[in-house]
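Asker: These protein sequences, in sequence, are chains A and B.
Counting from 1, one number per residue, gives the positions in the first sequence under the numbering used here.
Counting from 1, one number per residue, gives the positions in the second sequence under the numbering used here.
Check before you lean on any hint, since a few could be wrong.
Since copy identity is lost for identical chains, a pair holds within one copy or between any two.
[Claimed, not checked] Result set (DSS-like, lysine-lysine): computed pairs, CA atoms no more than 25 Å apart in a straight line:
| id | residue 1 | residue 2 |
| --- | --- | --- |
| 1 | Lys-67 | Lys-151 |
| 2 | Lys-186 | Lys-151 |
| 3 | Lys-106 | Lys-67 |
| 4 | Lys-106 | Lys-186 |
| 5 | Lys-106 | Lys-160 |
If you are wondering where the hints come from, they were derived from the structure by calculation, not from laboratory data.
There are 2 protein chains.
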Amino acid sequence: MELQVVEQIAEVRQAVNGARQRGSRIGFVPTMGALHSGHVSLMEEARRDCEFVVVSIFVNPTQFGPKEDLNKYPRPFENDVALCQGAGVSLIFHPQPVTIYPPGFKTRVEVTGLSSVWEGAFRPEHFCGVTTVVMKLLNIVQADVTYFGRKDFQQQLIIKQMCQDLDWPYAIQTCATIRDPDGLAKSSRNVYLSPSERQSGLSLSRALFHVRDQIQSGNRDVLQLQQAMRQILDGTPGVIVDYAAIINSDTLAAATEYQPALTAAIAVRVGATRLIDNIELP
Amino acid sequence: MELQVVEQIAEVRQAVNGARQRGSRIGFVPTMGALHSGHVSLMEEARRDCEFVVVSIFVNPTQFGPKEDLNKYPRPFENDVALCQGAGVSLIFHPQPVTIYPPGFKTRVEVTGLSSVWEGAFRPEHFCGVTTVVMKLLNIVQADVTYFGRKDFQQQLIIKQMCQDLDWPYAIQTCATIRDPDGLAKSSRNVYLSPSERQSGLSLSRALFHVRDQIQSGNRDVLQLQQAMRQILDGTPGVIVDYAAIINSDTLAAATEYQPALTAAIAVRVGATRLIDNIELP
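Next up, chain A with everything else stripped away, as it sits in the complex:
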């Protein structure tokens, strides 16, 4: 089937309704474009479950802070289309900002508590921007399953909470983080990194892997492990730590002792670039 690229909501609905009437299961991968192998893995996962896969490409202005990188965020649209084509995507929804936020737009969807800690503490309006646009995109596509990457750990948790709280009738699925061979988690923002900044950025996965390996070897001293993670980051030139924490994977509360369902999560700045990463602990 040929890949279709549309800008209008009505075109998405028409294509999705058509596919559904043909008996297809609908999968959806919302993105901001600048697609990389992390996104492709979501599309492939969607293709395994669904005959008709929709990808949205929309750099959502409301999830960027006033001093953040909205304007310089990469928008390599032709390349994105080619990646979708290769991954067997059926439809790209590539709306103009005015289509998503027409004049007079007034609605906010917010998940309290979970949205104000960690990333939310450093990016105050970020998650409200995310949840509002995701609720819109979910309603536009009405996919049977929508796929998010675990790399944005707090985001996928907040979106799942929103969908549960608002009784969204379809499924949300989280997929594994994809890494480069050197360990760096795939991110559209990695293109900002100079070679030496990229070297500094490797400290995130190094710190996370260290904690995971330590826990696997029987170390249960969560506070000491958190300190070790912090030391790895602080000992790396050019890295400024926003947070490096071991947290409960469901509540996001900082853990003071070992418990089931822990995640180690890190956010740092390397030069002008903010990097986040996380790992599920055994």
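With the hints as your guide, set chain B onto chain A.
Answerer: Below, chain B alone, put in the same frame as chain A:
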């Protein structure tokens, strides 16, 4: 078809999916119970368009202020069921509060601007409570058309704005206010009124009809008409006015001159009871 009464979300979904598979169009009337002929007119409107009509009966705690009438709000459930039966309703959704707000519930849906004026100025969290629960109920029922009464004018406008902003894929329909023969707008709260309070309450429709009649007779002096409305209310013993205004029906902005799409809207207190009413101006 027999009227079914259910408490669980999964039961609603199963019944609605069954009806849809049988080719039925689904109509939905969300209510807080204490049903009266205003609600019945919504159900009848739904029955004209839809083979399968769902009514929800849920006294939503989050839309009551801390000093409001949540606990004494009337809950004549048996009578409500009989009214639904008589109106040809197929399914009553009558959830427990814990079903709607399970432990850990965290999400807020808010329509900014429209929610903070008029009713919102007197009931600060009211509309956020309304929009959040309505978004949930819409997702639970997934009706082709959901019906609201014009008597809650600001509410239906805010809900329409929410649905438009969030790309809710189905229709929202507003139906006319139903009045008693003496002019009092039907409301579940009218049962609170003593006979003399009810007499005072008639000042609302009297003031609204006066403005409508004046405009129909060619009077275009909006500010003078607003004053006249206020005089009728202020001249009625036992009435304390919260607001009495002529407003733009789309933006809710107070009108200073005649324009298309005006609404006259009133809120007063009569004893311990708060009454609202409104009328579309010609």
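Asker: The structure should be examined with respect to each hint, and the outcome stated for every one.
Answerer: Structure-based check of all given hints:
For the homomeric pair Lys-67 and Lys-151, the shortest alpha-carbon distance inside one copy (23 Å) is at most 25 Å, but the shortest distance between copies (45 Å) is not. For the identical chains of this complex, Lys-186 and Lys-151 are intra-copy neighbours only, at 8 Å inside a copy versus 53 Å across copies, given an alpha-carbon limit of 25 Å. When the C-alpha separation of Lys-106 and Lys-67 is checked against a cutoff of 25 Å, the pair qualifies only within one copy, where the shortest distance is 23 Å, while the shortest distance between copies is 28 Å. In this assembly of identical chains, the alpha carbons of Lys-106 and Lys-186 never lie at most 25 Å apart, being 34 Å within a copy and 30 Å across copies at closest.
For a Cα distance limit of 25 Å, the shortest separation of Lys-106 from Lys-160 qualifies both inside one copy, at 23 Å, and across copies, at 11 Å.
The structure fails to meet hint 4 from the earlier list, while all remaining hints are met.
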